[in-house]
Structures are given as structure tokens and as C-alpha cells.
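Engineer: Given chain A, work out where chain B should sit, using these hints.
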Amino acid sequence: MRRISNMISLLLFLMAANNAIAQQKAVPDRHTISGSIKEKKGGEILIGASVYLLEQPKSGTVSNSYGFYSISAPAGIYTLIVNFAGYLPDSIKIVLDKNITQSVELIQKGSELQEVIVSSKKKNENVVRPLMGVQKLSISEIQNVPVIFGEKDVLKTLQLLPGVKSAGEGNSGFYVRGGGADQNLILLDEAVVYNASHLLGFFSSFNSDAIKDLTLYKGAMPAEYGGRLSSVVDIKMNDGNNQNLQTSGGIGLIASRLNIEGPIVKDKGSFIISGRRTYADLFLKLSRDSSIRNNSLYFYDLNVKANYTLDDKNRVYLSGYFGKDNLGFGGTFGIDYGNSTATARWNHIFNSRLFSNTSLIYSNYNYNIRINSGSNNLLIKSKIEDLSLKEDLQYFINNDNKINFGINVIRHAISPGIVDVSSSSSYNPVALQSKYAYENAAYISHELTPADKWKLNYGLRFSAFSIMGPGNFYNYDTAGNIISTKYYSSGQVVKTYMNLEPRFSASYQLTENRSFKAAYSRNVQNLHLLSNSASTNPTDLWIPSSPNVKPEIADQFSLGYYQNFRNNKYEFSSEIYYKALQNQIDYKNGAILRANENVESELLFGSGRAYGWELFLKKKTGKLTGWVSYTLSRTERKIAGINNGEYYPAKQDQTHNIAIVGIYKANNKWTFSSNWVYNTGNAVTFPSGKYQVNGLTTFYYTERNGYRMPAYHRLDFAATLLEKKKKKGEGSWTFSLYNVYGRENAYSIRFQDNPADVTKTQAVQTALFRWVPSVTYNFKF
Amino acid sequence: MKSSTIYLLAFCMLVIYGCKKIINVNLNDASPQIVIEGNIYNTAGPYQVKISKTVNFSASNIYPGVSGAFVKVADITSGVTNILSETSAGLYITSSLQGVPGHTYQLTVITGGQTYTASSTMPQAITLDSIGFQHNAGNVGSNINPVVNFQDPAGINNYYNFTQFVNGIQLKSLNPFSDRLSDGRYISQQLFNDSSYIRIGDTILVQMNCVDKNVWNFFNTLVEATNGNSFQSAAPANPISNLSNNALGYFSASTINTKKRVAF
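Respectively, the protein sequence lines represent chains A and B. Oh and the first sequence: position 561 is 936 in the numbering used here, straight run, nothing missing. Oh and the second sequence: position 180 is 209 in the numbering used here, straight run, nothing missing.
Next up, chain A with everything else stripped away, as it sits in the complex (with noise of 0.2 Å):
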């Protein structure tokens, strides 16, 4: 209890020394304005827009997510000068007597050949922000980059920047700087997905017509952000239109999409409905063969969001995402899996200083299997459901103060598995006990410029995890038999996991386009996802920490080098970093993860290292656009028991990885896209001897991950033919051919008898894809 206390007065001692700050820099003859950023034809909230007052080069700030900013400044006329890539600068005369609201609205620069764009001061804030490991996405980069069957995914296209490693082939899975996968924490407007992929992977959850912006944060995330340990991918949905009803869609190989969004009230409020299915089962219905026939094999999603103002300071956003996969084999097998998210929010603007968002977040994510084999008939059901409210305030002191602070509440039911059976069936019907848990946090971080040339963003998050009873806990022998058993009742708390994560993150500009930066954070995760599997399942199984598991925990430190070049045209950044990761979770051999009460005795706990080099060039404006981006890395785990407890190279550690990325537009009718990648091989265990047992030959293994897959390379393209605008909407062609010379990257590689020889073992290899061409029908009306 004393700890705790500690902790509190520190954080009190901190939010005091920050109002000392804010009482000591507030002068009374400054004035405030602020107001928020959108787009003028679609009245869309802009994220990330700059904004400064001309005659205060200094006064810059960012809109936030909800396209709020605030600026104060002595009292005089100013000219107040807003930017946003994409679009056309705006500036406007502002006379600052008093307090005042202005907002914003900005116009989309034509589909006309992009020009060389007059680079205003404000483009270099990637170079001044104090934060680390940060990278945005826009849409327009993410349309253009060629991927699998002509799918637009976010996630995949995110895998081609530094410090982020693809899950394998195809696959929307990602791992960063040297986490797990299930070490991300992605957001789909603040709630959770807890399962980001459709059809086993080869998709994202992520309806690309939907989203309107996506951060990715490598560790050194802002405060705000808590959970899980390696990154956060926060993704913002579209508002929707408020000015003209507008239909868009396409229709592509795989799936097809419709957008329609529109007004609900001119200029207060907007809808957004967008959905998207696949139909290669389609296609499965028109086979002869009759198991073929009844395969079900597609999934759909539907992304809808309204949002409403109701006054200056009061506007209203609903948003919801539904998406299934079902996939079912011949009758004797299905699966259907999905999530389903929530989240109302209510904006709200106390004054031109205090901006507030409270938001109500549920998020559910479930699976069903189905089995009917013979008199054997099972289902599984599995469920995690969330519920959780939000509360962040943003107080914008003065334009080198602003404080972030907020409390976030969530309530986690985690449903393991629930077999029902027939009377029939081999296997008795199971429940396994539901688990309940409440993760609460408190946070605060200050921005500040504490003088020239620095910015400096340090926080403090206070996590808490509480187990929650009714149920069953369970103390294990190294062996991993019961020794006691104590039952809790429903609402008792079983544990508490109290957490202090500070983030710090500093920036030190060396010239107006050169800069250095470092930061160090702590991030704490409570929910795990066990897969014994080489990639993610749909059926993996997440746990809350519990008093067998605790609390995994990253330290990342990382230093950074940034320049802009030529007007800010090209950026480049170069970072170093290093992550201690503790409490890591493996499995003992032969672990039983499925419908086991006891599954917390099956787990190995040990520790990590993860560091790396991160180099990136992009070319932001002119015909040819695009990136380069190379890692030098390498990941490892220490678990007792494993390679005698050394440190071993984790499964996705990967040396070098290389993703270039280049889309030229040539004219108005034609867009050319193309990317190469290139990554060291996966570590992974192959035999280094055999014998023979019962007559069949096994193999003989010395240790965890001592060899390489092959290095796996790929070059994919694609061009875009925009049709001639009609006077009612336009169209597009997309046609993109994956792997274009045609490699056969190894998924995996096994070992066997030959079965022309005997007497002979060989060594086969898999691979998934080669050549796959596809065309896409975009429009828009």
C-alpha cells in the first residue's frame, strides 16, 4: 500500500508542478484562438493539420483527432495560416482582442497533375514534434501501393515501413520491433480489435473506404495510449459527407464494396454506411464436385459512423464496425469468427483552452467451431467482451504548454470455451470458467519548449489490473499439478497488477530542418494471447494476467536523427532502439492451450531483447513518389528451460528487411505503382539428426531456432487507369500483378521419408503464391 500512495503523490506532485508552469506563463494580455480543421467539399475533420500565426513562426500547433487546435498569442492582428498534405494552404486574418473561434475549412487539391508544391515553413514536423516512432499512413499512399488480390489493406501496407514485419506470406499480421503479434494494440476509432484479419490472415479487418487516417506508434507512445507492449495502430474511420449524398464502391476479384455517405443536416452532421463481402464461395457453388460445392469460404464487414454537432462547443459521433468470416468445409466443419465494436463519443470545448473527448467503447470479439463427424457433434464457442469509458482532456496552456490528461475504465469477460456436444458425441460437454477482469488507468503527460530549439514530451500512466472472482484460482507445481485451489466469489478481487509507465520523449532541433531525438518508455500489457501455432488463428486464446501470470513489461529506449531535404519534398530519419521485454509468455513442449482449465500450468515465462536500426527516405510531392525503408535488427527471448536458458533468436527475427516503394504518376489518366521487398529469413527449428520410432522415421532436434527460412524477396506492381470524369462521378481501373518474377517463397518447409526412396529423407518446401494478377473497378457517384 505505501508504494501505491508513493505513486500517487508523484503523480499529484507532477499535474501541481505542471499548473505551476501554467499559472507562471499565462500572462494576461494573451489571447486564445481555436476552432477545428475539416474539408470544405465533405466538411470531414482534418487530423494532424498545422496551424500557426505567420508573425509567430513559433506558435505551431497540430490539430488533434478531432480536428480541434487552440493557438494563444499577445493581442495584434495576425495572419493565421493553416497546411494539410493534399491540400491547398488556407490563410486567414485574424484580429486578436479576445478569445476567438475560427474555424477552418480547407479544399482538396485537384486530381490534376500534382505541382511542385510552394513548401511552407510548417512541413517539417516531423522534424520538430518531440515524439518517436511515429508514422502516418495517408489514404492516398495506401491506395496506391500494390497488395494481394487487389485488396487496399492498411495493415499490409504498414508492413512496408521500417521496424514493422510481416506475419508471413500475404498475411495482415505484423510484428514491431521485435514483438509478438498479439503485442499491438490497434484501435478502430478507440476501440479494441482484438482479432485484425479476416480469412486466416489474408486480409485485414480494415475496410480501406472507411478509414480516414492511421498512426502508428513503435513504443514510444504518448500517455494517452496503454495496454500492450510493442506499438499501437490507431485508426480513425471517415465521418461521412455533410454536404452531398455520395456513393462509391468497387468491385474487384475478390470482393466488392459500397460507400455511401451524406448529410444528415447540412453542415452539422454526417453518416458514413460501408460495407464489403467476398465472394470467392460464389465461385465454389459452380463446382461439379460435390465436397467441394458445400465449402463456405467468405466474409464480409460493415463500417457505419454518424456524427453530429450540436453546437460550438458539443458535437456527437456514433461508430460502429461488424465484420464475420465464415468458413466451413463439406458440412463436417465450420468456423465463423468476428468482431464487433461500439463507440459513442461526445466532444466537448469547456473553452479555447480545454478541449474534452468521453467516449463509450465496447468491443467483442468470438468465435464458433462446429464439428459433425459421424455421431460426433460438437460446438465451441468462445468469447471476449469488452466495456469501457474514456475520458481525455487536452488543456492547451499556452502555445508551449499543453497538457494531456485522462482516466480510462475497462471492463474485460473473457469466455475461454464452451463446448455443447450431443448425447451421442466421444466428448463430454465443457464450460471452462469465464474470467473477469477491470483495467484502469490514469494518465498525464505535459508538452512543453522549455527553450529554443527543444521540445520535450514527458508522461506518466498508472496502470492497475484487478482479476475479478467469481471463480477458481489455481497454484501449480513446477510440474505443473495443482497444489491449492481458492475459490473467489464474483466481485472479489483476486489481485491487483499496479503499474507506473512514464514516457519521455525530447526533440532538439539543430537547424530549421535538421533535428535529434530520444525517448524512453515503459509499457505494461495485461492480456495475452496464446498460439502455439506458427501464425495466428482465429482460435487463439487470449488470458488476463492472473497470479500465475503476470504483468508483461517493455522498456524501449531509442535515439533518432531527422532531416528534410529540398523543401521538405524528401524526409529522412534514422533511429536506434533498444527494448527489454520481461514476463514473456512460451509454451512447454506438448502444451495443451485448447479447452483446458489449467492452461496457465502449460505456460514458460522468460524475458527479451529486442534492438535495431531503422533507416527511411520518402519523397512526399512530385510525379514520383514513395519510400525506401531498411531495418537492421535482431530479436531475441531468454526462457528457462529453452536452448538451457540462452538467449535464442525469436521466430520473426529477421536481420535485414527492405521495402521500397514507388508510385508515378505519369499523367492524368495513369498512376504506376510498384514496391519491392526483401527480408532475412525467418528463425526456425529444422532437425539436425533422425531416428526411428515404431517404425516411423523422426527427426532429432537440438535447439530452438537455430536455423533460417530462405530470404524471402518479392517485387509486386500496379497501374491505375482514371477514366475521364463524366459529369456524374468517375471510375477507376486497378490492375496489379503480386510477386512479378514470379519467386516461390518458402512458407514452410518440411521434413519427410522420400517416397520414391525409403531409404532416403528429404526436405520439401511450400510455397503459397506466385503470380497473382488482379483487376479492380473502383467508382464513385
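Treat the hints as calculated values from the structure; they're not laboratory data. Worth double-checking, as some hints may not be accurate.
[What the hints assert, rightly or not] Quick list of in silico lysine-lysine cross-link-like pairs, DSS-like style, CA-CA up to 30 Å: (1) A:963 / A:433; (2) A:416 / A:1101; (3) A:1135 / B:50; (4) B:242 / A:756; (5) B:49 / A:1135; (6) A:1040 / A:994; (7) A:963 / B:82; (8) A:870 / A:944; (9) B:242 / B:79; (10) A:1135 / B:79.
Structural biologist: Quick look at chain B alone, frame taken from chain A:
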């Protein structure tokens, strides 16, 4: 909404190759390890204990027998001890021992200055009532899988290991089964095999061994290792042996029950 402005989609051929090829992998050599495989059954002896060594991956599937070892099997329950005699290189057989359900057997092997031991308890025999067949949708046409039917005794943990023989030839697949989720049920369980090996008209013999927990654990972890580097298991490892001193293999006292039927 003008339908005339919507172009009909022209489909391209979707060329997806899921291609397999034989590759050369440069695998390390490991120093030869002792492999012991011993079985005691409830049927009449003699029973065998095989001792061999691992070979490198690139070598032929010929595993050198270890000669001159001291091999002893003791029935701890009855106190009978049997020293095994070597009939050919690495093959040792019992002389007077008879496996009895409920008895615990201990194996001792001394070779190369090292002692390896293991013990195994023979469970009570359970009757395999019948076998049937199930046709499953496969990649190409359908696969035929044998189905085993038997009553699992309630209230105790039972472990099984099934072996399939097609026209007298053993299939290269392992089917360990535990009643962890099936205690006391009448069990109809499909046996899996690597691919569609069984055709209508083939004579199928299924052997059911009732084994103890450690032996089941060995075969169960062996299945996982066999699936290693496929789509299922993350990292293959050596199966968990009940032998001491890091020997590979297992020592099992089990009951045997077989059923034969022509596939239909």
C-alpha cells in the same frame, strides 16, 4: 445512379500456385544419441527392446544397432526380473516375462558407461468393439478414414495409441488419444492419416494400445514434432520421453486389441 456508367467486371484468370519442391537444406550434424524403444504387451512374449543411435539427416534411414548392452526388465509388482538377450545387433528380447495389466515394469539399460531407466504401468485392457469408415472431403476427391468404436471407462484417465495397417503395411501416422474431454463416453473417433492412402476394398487392421500417461505424452508430443514447420506447430521439439539420462525413444507396457475390416 446510372447503371450505364457501371462497367461490368472483366475477370482475369487468377493464377495461384501452391507449389511444392524438394530443396537442399544444409543441416548440422549432431553426435549420435542413444535411442531406446521397448514394449511389453499383455499378449504372449517374447517382448523386444531395440537400442540404436541417431544418424545425420543426409544419411540413409539405417540406424546402427547398439550391441553388448546390459538390458533388464523387472516386473516391480510381482518381483520377477528378466535380463534380455541380444538376438541381433541392437535387438534384445525377454525370455520368461509375461505382461499383466496393472503391473509396473522397469527397464534398465547400461551401455557406453551410461545407465538409462524408465518405468511404465500396463493399464487395464479395454475392448475395441468395432471399426467403421468415414468419407471426408479432401483436396482431391474424398479421403477414407477408419473410425474406432469403444467404451471409455468412467472415472479414470485412459490413454490410447492407435496404429493403422493397410493390407498388412503400417501407415506412417500416429493417433494418440486421451479421454481428457471424453471420460466415460462411448467413443467413435476417426483416425487420421497423411493423405488418401485407403481405398475401398483394402483390408484395414487397427491396433489399439492402452498406454499409460507418459507413453501417451511421448506419442502426443511426437505428433506435434512431426507436424513441425507445417501450418500448425510453431517450433518442433523432441518428444517427451519417459527414459532417463536424455535417451530418445520410450518404454511402454500396454495392452493390445485389434480389429480388421475391409474398407467400404
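Engineer: Compare the structure with each hint and give your call.
Structural biologist: Checked hints:
A C-alpha spacing of about 57 Å is found between residue 963 of chain A and residue 433 of chain A, which places the hinted pair above 30 Å, so the restraint is violated. Taking the CA atoms of residue 416 of chain A and residue 1101 of chain A, the gap is near 18 Å; set against the 30 Å cutoff, the hint holds. Among the hinted pairs, residue 1135 of chain A with residue 50 of chain B is consistent with the structure: their alpha-carbon atoms are about 16 Å apart, no more than 30 Å. Distance hint between residue 242 of chain B and residue 756 of chain A is fulfilled; the C-alpha atoms sit about 29 Å from each other, no more than 30 Å.
For a cut-off of 30 Å, the pair hint linking residue 49 of chain B to residue 1135 of chain A stands: about 18 Å separates their Cα positions. Annotation: proposed proximity of residue 1040 of chain A to residue 994 of chain A holds, straight-line Cα distance about 13 Å (limit 30 Å). For the proposed pair residue 963 of chain A and residue 82 of chain B, the alpha carbon gap of about 26 Å is at most 30 Å, so the pair holds. This hinted pair does not check out: residue 870 of chain A and residue 944 of chain A have alpha carbons roughly 53 Å apart, beyond 30 Å.
This hinted pair checks out: residue 242 of chain B and residue 79 of chain B have alpha carbons roughly 21 Å apart, not beyond 30 Å. Distance hint between residue 1135 of chain A and residue 79 of chain B is fulfilled; the C-alpha atoms sit about 21 Å from each other, no more than 30 Å.
In summary, the structure is inconsistent with hints 1, 8 from the numbered list given earlier, while agreeing with the others.
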